[in-house]
Every structure is written in structure tokens, then in C-alpha cells.
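Listed here are the chains, written in short residue letters.
Number of protein chains: 2
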Amino acid sequence: MTKEPADTAVKNNIVIPEDYEFAYPPSEMVLESGKKLGPINIRYETYGRLNKDKSNAILIVHAFSGDAHAAGYHSEDDKSPGWWDNMIGPGKAFDTSKYYIICSNVIGGCQGSTGPASINPETGKPYGLSFPVVTISDMVKAQYRLVFEHLRLPFLYAVAGGSMGGMQALEWSVAYPDFVKSALILASTARITAQGIAFDAVGRNAIVSDPRWQNGDYYGKKIPARGLSIARMVGHITYLSDESMGMKFGRRLQTRQKYGYDFTDEFEVESYLHHQGDKFVERFDANSYLYITKAMDYFDLGAKYGSLPQAFSRAKAKYLVVSFSSDWLYPPYQSKEMVFAMIKSGRDVSYIELNSPYGHDSFLLETTRQKKIIKSFLESVNV
Amino acid sequence: MTKEPADTAVKNNIVIPEDYEFAYPPSEMVLESGKKLGPINIRYETYGRLNKDKSNAILIVHAFSGDAHAAGYHSEDDKSPGWWDNMIGPGKAFDTSKYYIICSNVIGGCQGSTGPASINPETGKPYGLSFPVVTISDMVKAQYRLVFEHLRLPFLYAVAGGSMGGMQALEWSVAYPDFVKSALILASTARITAQGIAFDAVGRNAIVSDPRWQNGDYYGKKIPARGLSIARMVGHITYLSDESMGMKFGRRLQTRQKYGYDFTDEFEVESYLHHQGDKFVERFDANSYLYITKAMDYFDLGAKYGSLPQAFSRAKAKYLVVSFSSDWLYPPYQSKEMVFAMIKSGRDVSYIELNSPYGHDSFLLETTRQKKIIKSFLESVNV
Chain P
2 MTKEPADTAV
12 KNNIVIPEDY
22 EFAYPPSEMV
32 LESGKKLGPI
42 NIRYETYGRL
52 NKDKSNAILI
62 VHAFSGDAHA
72 AGYHSEDDKS
82 PGWWDNMIGP
92 GKAFDTSKYY
102 IICSNVIGGC
112 QGSTGPASIN
122 PETGKPYGLS
132 FPVVTISDMV
142 KAQYRLVFEH
152 LRLPFLYAVA
162 GGSMGGMQAL
172 EWSVAYPDFV
182 KSALILASTA
192 RITAQGIAFD
202 AVGRNAIVSD
212 PRWQNGDYYG
222 KKIPARGLSI
232 ARMVGHITYL
242 SDESMGMKFG
252 RRLQTRQKYG
262 YDFTDEFEVE
272 SYLHHQGDKF
282 VERFDANSYL
292 YITKAMDYFD
302 LGAKYGSLPQ
312 AFSRAKAKYL
322 VVSFSSDWLY
332 PPYQSKEMVF
342 AMIKSGRDVS
352 YIELNSPYGH
362 DSFLLETTRQ
372 KKIIKSFLES
382 VNV
Chain E
2 MTKEPADTAV
12 KNNIVIPEDY
22 EFAYPPSEMV
32 LESGKKLGPI
42 NIRYETYGRL
52 NKDKSNAILI
62 VHAFSGDAHA
72 AGYHSEDDKS
82 PGWWDNMIGP
92 GKAFDTSKYY
102 IICSNVIGGC
112 QGSTGPASIN
122 PETGKPYGLS
132 FPVVTISDMV
142 KAQYRLVFEH
152 LRLPFLYAVA
162 GGSMGGMQAL
172 EWSVAYPDFV
182 KSALILASTA
192 RITAQGIAFD
202 AVGRNAIVSD
212 PRWQNGDYYG
222 KKIPARGLSI
232 ARMVGHITYL
242 SDESMGMKFG
252 RRLQTRQKYG
262 YDFTDEFEVE
272 SYLHHQGDKF
282 VERFDANSYL
292 YITKAMDYFD
302 LGAKYGSLPQ
312 AFSRAKAKYL
322 VVSFSSDWLY
332 PPYQSKEMVF
342 AMIKSGRDVS
352 YIELNSPYGH
362 DSFLLETTRQ
372 KKIIKSFLES
382 VNV
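Protein sequences, first through last, are from chains P and E.
Per the numbering used here, the first sequence starts with residue 2, numbered consecutively.
Per the numbering used here, the second sequence starts with residue 2, numbered consecutively.
Think of the hints as simulated: they come from the structure by calculation, not from any bench.
Some hints here could point you the wrong way.
Stated by the list, open to error - Okay, derived cross-link-like pairs now, SDA-like style, lysine to any residue, Cα gap no bigger than 20 angstroms in a straight line:
id: 1; chain 1: P; residue 1: K36; chain 2: P; residue 2: P122
id: 2; chain 1: E; residue 1: K223; chain 2: P; residue 2: R213
id: 3; chain 1: E; residue 1: K37; chain 2: P; residue 2: F264
id: 4; chain 1: P; residue 1: K259; chain 2: E; residue 2: D301
id: 5; chain 1: P; residue 1: K249; chain 2: E; residue 2: D301
id: 6; chain 1: P; residue 1: K305; chain 2: P; residue 2: P178
id: 7; chain 1: P; residue 1: K259; chain 2: E; residue 2: K37
id: 8; chain 1: P; residue 1: K259; chain 2: E; residue 2: G307
id: 9; chain 1: P; residue 1: K36; chain 2: E; residue 2: Y262
id: 10; chain 1: P; residue 1: K249; chain 2: E; residue 2: A304
id: 11; chain 1: E; residue 1: K337; chain 2: P; residue 2: M248
id: 12; chain 1: E; residue 1: K305; chain 2: P; residue 2: Q258
id: 13; chain 1: E; residue 1: K305; chain 2: P; residue 2: R257
id: 14; chain 1: E; residue 1: K223; chain 2: P; residue 2: P212
id: 15; chain 1: E; residue 1: K37; chain 2: P; residue 2: Y260
id: 16; chain 1: E; residue 1: K337; chain 2: P; residue 2: E244
id: 17; chain 1: E; residue 1: K259; chain 2: P; residue 2: V31
As the list claims (entries may be wrong) - Some but not every residue of chain E turned toward chain P, in silico, with C-beta under 8 angstroms:
id: 18; residue: T194
id: 19; residue: R205
id: 20; residue: N206
id: 21; residue: S210
id: 22; residue: I238
id: 23; residue: D243
id: 24; residue: R252
id: 25; residue: Y262
id: 26; residue: D301
Glycine included, C-beta positions come from ideal geometry on N, C-alpha and C.
With the rest of the complex left out, here is chain P (with noise of 0.2 angstroms):
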């Protein structure tokens, strides 16, 4: 069964998420490693109206520890909005009055998409590691799915994300490419370096260490919480930088005025980066941490497709690619490789690098400069 989507609109900024199932066996879909996934759950919110023609929907794709719930509030109570609620809205950045804005996570993660945490139709309990490895291309073939089969657009006006999302706005634009008229890639890049690839491997081996990751069978028992948190610590860092760390912490102390000399956590930063770990643990899973930094990991768009110059003439999609001076996780060099690939393969593309202290995480913070560029992009998207 589909339904209008106009009618999950926001109502007075209470967003309402919704769950579109598919891929029931036999159907099941075929995954990149060539194993098969079914049924799958997408989990997906939507906000602003989509007009008649259908013509004004952008799909908003979450960075790793991001979730359907983008903006808006989920109850009268709820303290605090979506993750990107600071850029969408009306009058926003991606301007609810404008746009119909659609935002899903991602599958293998844990927010309410199909994921290892979920039920494994053949065993009855939770997939746990038989859950099979997705890539960056089957988040978005499942996306494809919800916005072509259920949401029955006939195309995306444009498809945005940071970090994570940036690599399926990416896919997306050459996966699908009469599907996309316009990709916004953000703090993002076609393939991360070593060293990203080193702290995801930490972090892994941080969760598989503990001894309460069980081989990732913890569900109803206790969970690896230490070694999920530590995951999160190194994480964390990353999506600073060293200026931001400073401006924010310094070598303050938390609530000393002089050293204790022993092994508290005493240092403002370390105390900070503890309640970053804790937060986390209490609202994700240790097993999607383990999928999601492999997807990452995997994610390698010249290499799929041959090169990135090859990759970006099967898009037709316009490019908007913004990085930030501070981002060491997704630097802009990465940023500046695509953009010349981009223009190689005669793609219409706007690269911007914003000056900005606060790292990888600046495509969060930074609302002002970024509602300019991209509210401006947008309207230049002819479709």
C-alpha cells in the first residue's frame, strides 16, 4: 500500500516518522556482496508538501550517527529537535515552504530501519553478525526503493548530506542518475584516507574487544557499552579539530583548581568526551557501529566505477561540494579531487570551502553561511 505522501507532513512542527517495508522473500534485495536482504524496514520522515507535479522533493541522507528524524519534534515534550533541524524549515537552508524534504536511515544502522539489531525472519532473534555487511550502494538502492516505489516520485529535485551522506548523495547521483537533478555533497568525500579507515578500525576494535560484544550476540543481555563508548571517544575527536578542541576546552580543568594527581577524568575535554561515549551508548548499537564504519570503509566511487572521472559521466545531476578549512577527517583536498573529477566529466559544479574552526562537524554548525550557499543552489536546479 502507498499513501500521499503530502499527507505525513509536519503539523505544527510534530513530526510524525513513518516506516515503508519491502523486499519480503522471495523478493528479497540483492545486496552488493551478492547476499540478500529481506524484508527491509526503512524508517523515514518527511517534512514540508510535496507539490503536484511532484517536482519539489529533496531527500536529505544522514551522516553515520544520523537517523530519519532531521527536524521537527517527535512530541510536545520532545526537548530536542531533529538532527539538522538548524537547516531545515521554512525559510531554512532546505526551506519547508519550497521544498517537500524527505529523510530516511540508513539500513544496517539502528533507528528504525532494518538493521543488525533487528529480527532475522529465519532464526527469530536478532540478526546480530548474521546480519549481512551493507555498502553505501545499498543504502541507497533501499532508498530508491522508498522514494520511486512507495513515495512514487518520478524524481528528486535534489538529494543533500555531510560526512556519510554526502558518499550516498554521491552513489545517488551516479547510481541513478536521471533520478537526480541535483546532489549536495557536504564535509563529504568519494573515499576516506587511511587514516579514516584507521580510527573506524579502532573504533571496531574497541566494541570487539569487550567482552560483552558476545560476537555481537548481546541483544537482551548486557550490552558492550565500554567498548562502544571508547568507539565514540576516538569518533569524536575526529569530528573536531585541534583550533575548535582548544577554543572549547583548552586545558581547562572540570572542577579543579589545581592537578588531584590520580586517574579521574579531570581535564574538561576528558570529561566531555566521557559524556559523548555515555550519551551514545544509550541510543545506539554497537553491531551498526561495526556496519556502518565498514560501509565507510568501503565506500570507494572511482574504484566502483572505474575512475571518478568515469563515475561523474553517468551523472547528470548538479553539484553543489562544500568543505570546511578544519575538517582533517573529510579534507578539503578530498573535497578538491571530486570537484576536478566533476568538471573532467563536464558536470555543472559549485565548490565552496568554508573557512571555519569546528572540523568535520561544520557542516552542523556552520547554518548561516551554509542556508546562503545552498538556498541559492537550490534555486538554480532547473528541472
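Since chain P is already given, all that's left is putting chain E on it; use the hints.
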């Protein structure tokens, strides 16, 4: 009992480590924290010969995971030489045909000097967490006892070190101004950044989260190898650079031609990091990891002496400061900060930033260029 230091010199490149024990109760050494430590053993090695007027002694101070074995071999079967053998020896940067070189293991360490794995004389068992927190200043104080009391040197021609070794060299020059004629500060800082503290905190968390850590009381039992290995993996990333990791590993797979869609260490960089972690566990004590990173986090020369210029106003040494362009752990801007403070205090300082892709580890790898710089600096020192 003291002994003539020239007797301890290298014979046929075979070096024999020596020990100096001091601070016997009730004359324990008073630490910066106010706590007492004693007896203290210092493991040290020497290379070259002390001249008649005892004016050619250079103290090499080691980095975080270094030890007293800086050069030469321990036996004829020994497969690898000391950690700075490429820089210490006849005709090398620290020329043993001219200088008498001393290198000692820091207190708090685990390579022969008193540390948390040593026997606590009060209990007859290893200290573990009952070992008092030591600082860079305490390490230097113990070294002073070695070179002044035991080796009976009138002064040091130079104190030289990279990374945490540089911190010790800085502290030496400020704490014992009349004893230090010159100080060589390589890839170092007068205080680490918030980001640096954050990485240390992650490493410590990985260790204390390992159930085998047992609040530090694991000696004679199974050691917290997983936690220590993860700590080392994180640390190791910070010693390299994005560029050097890209050159060394890129996105190459270890043994496969294509992705295996599983969670083995399939990228070369993963496998390398894992190997580094495993190797480290064989030679390093997890509690020493806690103590020594804490000493680095605490080190803040400016805060201790009022300000950096005030600190250097106490010093009399001639300085050489070398930073490396791709060192993001102790970045060049921190060296420059030091140098400006040295100049403000009227010190004689030479500063060079070497353009190198090897990150923080450059001070261990850039032999040829450092040799040239260090040789001519050492020749310019007046005693």
C-alpha cells in the same frame, strides 16, 4: 657507590645497561604532588667516553614509549638496535667519538626504572595504582640525581629529546639552569593541546575498560592486553600523518583482491595497526601507559613558572627547536610559541621547521637532515 662513567662505554657496539638506586627511606624523593617515592632505581645506558674535564656529556631523554636503550645492541644476537641508533654513534648526529651520551628510562616507566610494575617496599607486591603519580618534573629530578650524584658530572653539554623527551629537555633547562649548557627540543611542546589530552584520555579509557586491568592489580595474572593494544593503535595514528599513512597504505587490501564483506582486518592499515598494538603489549606495561600519559597531560611549562617567557627567563641554555610540518600531535605552531617566548626572554635559540610527511614520528625518521642541524648546533655550544 659511584663508578667512573667512562667504564660504561660501548664496547664493539654492545652496550650494557646499568642501574642506579637512590632515595632510600627515610630519604625518599619528594614528588611534585607532595608524595614520596623511594627507593628509586634508574636504568641507564651510556655511549662514547667522558672526557677528562667532564665537559662532553649529553643526556638523551626519551619519548613516551622509549627507554634507556637508545643505541647499540644488547648482545651479539640482538636483532634490533636502540630506538635512536640512527642518530647516536660515531660520526652520527650525536657523535660518540666526541660526546659522552647518557640515556635513562623515566620513572613511572617499565623498562628498568622504578614504575607501577616495581615492587612497593611497603607491601612486597607490585605498586600498581599505589604508585604515586609522577610528572615530567619528577622524571627530570630523578635524572638529575643520576647525572649529578652518581655520574658526578659538573654539567650537561646538552639535553636532547623528541616528543616527551623534548618536554624533559625543556624542564631540565628551566629547573637546572646552571647545569644545562644547551637543550635540543625536537617535535615537542611546552604543553599538549586539548586534542592531545583527548587522545591520551581515550587510550587510558581503553586500558581501564579492559576487565583484566583489575584496577591496576593484574601483575602475575592475565594482562589487559586488548585495552593496551587499542590504546597503542590510537596513539600510533597520532604519531603518523594523513599523508604518510596515505603513502604507506592507501586503501590497499592486505591479502584480498576485492572486498570480503566481513569484519576481518582487510585493509593493510588495519592489519598494520593491529600488529603495532600486539607488538606493544609484549614490551609495555599498561599501568605505565596511564602514568606516563598523565605526566604528559600535566606538563605545562608556562603554567608552572607563571608564563613561558618567565620560565625561559630562568634558563641559561642555548636552544635548538625543531618542528615537523606534518606533526599534528605537537604541531609546529606550538614550537613557534615556545620559540617566541625564548626570544622574548633573551635566550639564544635556533628554530627550524622541517618539511616532512612523516608526522610526529619524523624526529625518529628524518636522520639525514636532523644530523646536519644537530651537529652544527652542538658545535656552536660554549662550555
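Hints and how they fare:
Restraint check for P:K36 and P:P122: satisfied, since their Cα atoms lie roughly 15 angstroms apart, inside the 20 angstroms limit. At most 20 angstroms may separate the alpha-carbon atoms for a hinted pair to count; E:K223 and P:R213 meet this at roughly 18 angstroms. Between E:K37 and P:F264 the CA atoms are separated by roughly 18 angstroms; this keeps the pair inside 20 angstroms, and the hint holds. At most 20 angstroms may separate the alpha-carbon atoms for a hinted pair to count; P:K259 and E:D301 meet this at roughly 12 angstroms.
The hinted pair formed by P:K249 and E:D301 meets the criterion: a straight-line CA distance of about 18 angstroms does not exceed 20 angstroms. Note on P:K305 and P:P178: the hinted pairing holds, with a Cα-Cα distance of about 16 angstroms set against a maximum of 20 angstroms. The hinted pair formed by P:K259 and E:K37 meets the criterion: a straight-line CA distance of about 19 angstroms does not exceed 20 angstroms. As the CA atoms of P:K259 and E:G307 are separated by approximately 14 angstroms, the hinted pair is consistent with the 20 angstroms bound.
Distance hint between P:K36 and E:Y262 is fulfilled; the C-alpha atoms sit about 10 angstroms from each other, no more than 20 angstroms. Taking the CA atoms of P:K249 and E:A304, the gap is about 19 angstroms. The hint holds against a cut of 20 angstroms. Between the alpha carbons of E:K337 and P:M248 the distance comes to roughly 19 angstroms, so the proposed pair stays at or under 20 angstroms and holds. About 13 angstroms separates the Cα atoms of E:K305 and P:Q258, which keeps this hinted pair within 20 angstroms; it holds.
The suggested pairing of E:K305 with P:R257 holds, with an alpha-carbon distance near 16 angstroms, which does not exceed 20 angstroms. The hinted pair formed by E:K223 and P:P212 meets the criterion: a straight-line CA distance of about 14 angstroms does not exceed 20 angstroms. For the hint linking E:K37 to P:Y260, the alpha-carbon distance of about 17 angstroms falls within 20 angstroms, and the restraint holds. Straight-line distance between C-alpha atoms of E:K337 and P:E244 comes to about 16 angstroms, which keeps the hinted pair within the 20 angstroms bound.
Between E:K259 and P:V31 the alpha-carbon distance is near 18 angstroms, which keeps this suggested pair within the 20 angstroms criterion. A cut of 8 angstroms between beta carbons decides the hint on E:T194: the least distance to chain P is about 6 angstroms, and the hint holds. Nearest Cβ of chain P to the Cβ of E:R205: about 7 angstroms, under the 8 angstroms cut. The hint holds. Because the beta carbon of E:N206 sits about 6 angstroms from the nearest beta carbon in chain P, less than 8 angstroms, this interface hint is met.
With its C-beta approaching chain P no nearer than about 4 angstroms, E:S210 sits inside the 8 angstroms limit, and its interface hint holds. Proximity of E:I238 to chain P holds as hinted, the smallest CB-CB distance being about 5 angstroms (cut-off 8 angstroms). Given hint, E:D243 at the interface with chain P, holds; its Cβ is 5 angstroms from that chain's nearest Cβ, closer than 8 angstroms. For the restraint placing E:R252 at the interface with chain P, the shortest Cβ-Cβ distance is roughly 6 angstroms, inside the 8 angstroms limit, so the hint holds.
The interface hint given for E:Y262 is met, as the beta carbon of that residue sits about 4 angstroms from the closest beta carbon of chain P, less than 8 angstroms. For E:D301, the suggested interface contact is upheld, since its CB lies about 6 angstroms from the closest CB of chain P, less than 8 angstroms.
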